[in-house]
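Engineer: Listed in order, the protein sequences are those of chains A and B. Using numbering that gives the first Met the number 0, the first residue of the first sequence is number 0, and each one after it goes up by one. Using numbering that gives the first Met the number 0, the first residue of the second sequence is number 0, and each one after it goes up by one.
It is worth saying that the hints were derived from the structure and are not from the lab. One or more hints might be untrue.
As the list claims (entries may be wrong) - Quick look at which bits of chain A chain B covers, simulated, 3 or more residues with Cβ under 8 Å: (1) 255 to 268; (2) 282 to 288.
Stated by the list, open to error - Negatives, chain A to chain B, calculated, CB over 10 Å: (3) LYS105; (4) ALA116; (5) LYS117; (6) GLU119; (7) ASP120; (8) SER139; (9) VAL248; (10) PRO294; (11) GLY296; (12) VAL365; (13) ALA367; (14) ILE380.
All of these numbers come straight from a predicted model, not from anything done at the bench. C-beta: ideal position from N, C-alpha, C; glycine also.
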Amino acid sequence: MRNVHETVDGPIAGYNDRQRQILRGELVGLIAFTVMALVGVIVISVWQGETRATEGFRAEYEYNYAGVQKVNFLQYLTSKNITPTQISPEAAAAYGVWAAANPKTKNVQVLTKYLGAKYEDTAAIFGYMSQYVTTGLGQSCEYCHNLADFSADEKPTKLNARNMFVMMFEVQNKWVESIPRPEGQVIYQLQCASCHNGVAKFWNKDLKAKSQESFGVAGGGMPYDYTFADERFLGSLPDADGRVNYFQVIADRTTPPGLNDTARNQNAMYHMNTALGVGCDFCHYGGYFRSYSLPDGTYKYPKAQARHMLGMLQDLTVNWLPQLPPLDANSVAAPDQAVAPNCYMCHRGYVVPPGDIAPTEPIQKVAAPLLAPLQDIPIPISVLPKP
Amino acid sequence: MEAEALYPEGIERRAKKSFHIKALQGFGDTQIGPIYLGIWGLLAIGSFAITVLMIFIGYGLQVGWNPIRFMREFAVLGVEPPAPSYGLQFAPLAQGGFWQIATLFLTLTLVFWTIRIWSRATANGVRPLLPIAFGAALFLFSAIYIIHPISMGSWNEAPGHGLRAQLVWANNFSIKYGNFYYNPFHMVSIFGLLGSTVLLAMHGATILATVQYQSHRELDEIEDSTEGTHRAQLIWRWIMGFNATPHSIHVWALGLATLAAVAGGIGVITSGPAEPNWYLWACRAGITPGGIAACVPLP
Numbered sequence: 000m001r002n003v004h005e006t007v008d009g010p011i012a013g014y015n016d017r018q019r020q021i022l023r024g025e026l027v028g029l030i031a032f033t034v035m036a037l038v039g040v041i042v043i044s045v046w047q048g049e050t051r052a053t054e055g056f057r058a059e060y061e062y063n064y065a066g067v068q069k070v071n072f073l074q075y076l077t078s079k080n081i082t083p084t085q086i087s088p089e090a091a092a093a094y095g096v097w098a099a100a101n102p103k104t105k106n107v108q109v110l111t112k113y114l115g116a117k118y119e120d121t122a123a124i125f126g127y128m129s130q131y132v133t134t135g136l137g138q139s140c141e142y143c144h145n146l147a148d149f150s151a152d153e154k155p156t157k158l159n160a161r162n163m164f165v166m167m168f169e170v171q172n173k174w175v176e177s178i179p180r181p182e183g184q185v186i187y188q189l190q191c192a193s194c195h196n197g198v199a200k201f202w203n204k205d206l207k208a209k210s211q212e213s214f215g216v217a218g219g220g221m222p223y224d225y226t227f228a229d230e231r232f233l234g235s236l237p238d239a240d241g242r243v244n245y246f247q248v249i250a251d252r253t254t255p256p257g258l259n260d261t262a263r264n265q266n267a268m269y270h271m272n273t274a275l276g277v278g279c280d281f282c283h284y285g286g287y288f289r290s291y292s293l294p295d296g297t298y299k300y301p302k303a304q305a306r307h308m309l310g311m312l313q314d315l316t317v318n319w320l321p322q323l324p325p326l327d328a329n330s331v332a333a334p335d336q337a338v339a340p341n342c343y344m345c346h347r348g349y350v351v352p353p354g355d356i357a358p359t360e361p362i363q364k365v366a367a368p369l370l371a372p373l374q375d376i377p378i379p380i381s382v383l384p385k386p
Numbered sequence: 000m001e002a003e004a005l006y007p008e009g010i011e012r013r014a015k016k017s018f019h020i021k022a023l024q025g026f027g028d029t030q031i032g033p034i035y036l037g038i039w040g041l042l043a044i045g046s047f048a049i050t051v052l053m054i055f056i057g058y059g060l061q062v063g064w065n066p067i068r069f070m071r072e073f074a075v076l077g078v079e080p081p082a083p084s085y086g087l088q089f090a091p092l093a094q095g096g097f098w099q100i101a102t103l104f105l106t107l108t109l110v111f112w113t114i115r116i117w118s119r120a121t122a123n124g125v126r127p128l129l130p131i132a133f134g135a136a137l138f139l140f141s142a143i144y145i146i147h148p149i150s151m152g153s154w155n156e157a158p159g160h161g162l163r164a165q166l167v168w169a170n171n172f173s174i175k176y177g178n179f180y181y182n183p184f185h186m187v188s189i190f191g192l193l194g195s196t197v198l199l200a201m202h203g204a205t206i207l208a209t210v211q212y213q214s215h216r217e218l219d220e221i222e223d224s225t226e227g228t229h230r231a232q233l234i235w236r237w238i239m240g241f242n243a244t245p246h247s248i249h250v251w252a253l254g255l256a257t258l259a260a261v262a263g264g265i266g267v268i269t270s271g272p273a274e275p276n277w278y279l280w281a282c283r284a285g286i287t288p289g290g291i292a293a294c295v296p297l298p
């Protein structure tokens, strides 16, 4: 039986009261949900504003070589509320006395080998130390030196710094100089500040607590303290063809089942996103992450560079940091401790680490360095565009 | 206002009195009750309770039973399946066992719920299209949580139980199998998803626009169409040259909506055994940007 509530005439008929009430309610609901969603987005954005401003993603969808600029280190320190350190008056006075008595250096073992005879001059050493080490570590001379005898090796900090200089130059020569790059791209040089960023004890367990506070325990402390120090990564060495597979996950017929490897890959990639402040497209073709090229044939150098840097990270973790004992219980040196080195350690949200320096003087290769790597880690072959 | 006064049609066979909540009138004008429990409903609820219990125990362990952390980190908490090394074996509770129990009972819940819908449809004297449509969703669930992991030999291929875990699985699954957007079954599934939603929007707007001519009385209109339906059909013939009928629009909607789930399930099941890398499949099919030339050499 048909039950027509009412008959409506006319070309544009009106709603009855009940229909109007329903439509009004739906309109109010729609507006309410829209407003709630907008407010939610605004609240979350404001809440995360500080994080995004300092560490956030700056999408660089087009790899523009001219766009990869190093930030000014002093500006970076200021943005982190770190006041660049100056040499203390006592140290400056002591240096004056020392330099007057010793115009030529005594007991300099590293800089002269890697940077040349120029650093047999005390004033040259002082210039280098005050420019790079004081600012880089945030410490005055007395942190490492006996101000009465700058050449003395009595402080463990000085011995540690010497070993770190060797590590820095060796890593520069082996990994940074060999990075796959397009013609004309600048190679920056490592300095103390590359890792220390103005703080002597910079990489310690406090970082893990900070990360967990920011991202939650269930988030695994991601992504600042992401650790690459798993067995698979540290054990991945180039095969006979020079190829190495740190994180390959895209399946073929032989890929073992499970998504854990993919999750491991994605955690590492998310860490890299945050550490360098870039989106995935900075290194990858988004349609097929395995590819080194865009569909138009443009070669994605950053992917090859990132892979190369993973080799450096592996080298640092396996060969160098275990030889540099922590100076206190809160420092981190070995892979089995709380925080192992990762991309964020140096990059701090930028493509070029803020602490790196523009190439100033050539670094010599040293046949028998004071500190030698524990094992041989060959440089993997990079997949480069065919000429 | 009494529901009977509003909906006096004899076609609605209600066993008991239903209620209206004034505040909900604007949100669909729904009737409340009566609800039928029955043995299948009871089994579904009990089974779902065990699922929720397992998941919440897993969450509790992750946050050290701290309610503040539970609230704060709820969105990222997840009960994950066992590691690949366990294959299809049972895992210790904290290493995937909770997930296995939760998934087992979640599957049972959905099966019980499907049977419940079927039994209510039968009791109500309607054709069992509702349980069949729900079965499409059940198939997609089974493809993701049961069939694909078993065919690959590892529960680790399935998603974890958690808000973020679902997103992470979708991402990882797509990455591992070479970009899921190039999976042709995924393409069809998205067609069904978007097609059914646009159809629903067109249908809803059309009926609301012609409600003053009684087109919302769809069941009557199917048997004996009147002015509301005529105007609704005419406007679509004017706009796009053809129209649906009050009957066929619902067939299309049901078909496209179930297609989304069924095609999606097939896409998941074929990922791995049939095609491990959908990007390479798309390359061979010549549908990737740049054509075949962009695929060679790989990587």
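Engineer: Would you say PRO294 (chain A) is clear of chain B, with no C-beta pair closer than or equal to 10 Å?
Structural biologist: Violated, because the least Cβ-Cβ distance between PRO294 (chain A) and chain B comes to about 3 Å, which does not exceed 10 Å.
Engineer: Determine whether the non-interface label on VAL365 (chain A) survives the test: each CB of chain B must be over 10 Å from its CB.
Structural biologist: Its Cβ never comes within 10 Å of chain B, the nearest being 36 Å, so this holds.
Engineer: Determine whether the non-interface label on LYS117 (chain A) survives the test: each CB of chain B must be over 10 Å from its CB.
Structural biologist: Holds, since 45 Å exceeds 10 Å.
Engineer: Can you take a look at whether the region 255 to 268 of chain A is actually covered by chain B? Rule is 3+ residues, C-beta closer than 8 Å.
Structural biologist: As far as the region 255 to 268 of chain A goes, the hint holds, because 10 residues have Cβ atoms under 8 Å from chain B.
Engineer: Measuring Cβ to Cβ, find out whether LYS105 (chain A) lies farther than 10 Å from everything in chain B.
Structural biologist: Fine: 54 Å to the nearest Cβ keeps LYS105 (chain A) off the interface.
Engineer: Regarding the assertion that ASP120 (chain A) does not contact chain B, is the least Cβ-Cβ distance greater than 10 Å?
Structural biologist: 51 Å, holds
Engineer: So SER139 (chain A) supposedly isn't at the interface. Is its beta-carbon more than 10 Å from every beta-carbon in chain B?
Structural biologist: 42 Å, holds
Engineer: Are all C-beta atoms of chain B more than 10 Å from that of ALA116 (chain A)?
Structural biologist: 47 Å, holds
Engineer: Does VAL248 (chain A) clear chain B by more than 10 Å, comparing its Cβ with all Cβ atoms of that chain?
Structural biologist: 6 Å, violated
Engineer: With d taken as the least Cβ-Cβ distance between GLY296 (chain A) and chain B, does d exceed 10 Å?
Structural biologist: 8 Å, violated
Engineer: Would you check chain B against the region 282 to 288 of chain A, counting CB to CB pairs closer than 8 Å, and say if three or more residues qualify?
Structural biologist: holds (count 3)
Engineer: GLU119 (chain A) clear of chain B by more than 10 Å, beta carbon to beta carbon?
Structural biologist: Check passes; 50 Å lies beyond 10 Å.
Figure legend: structure checked against the earlier numbered hints; hints not met, in rising order: 9, 10 and 11.
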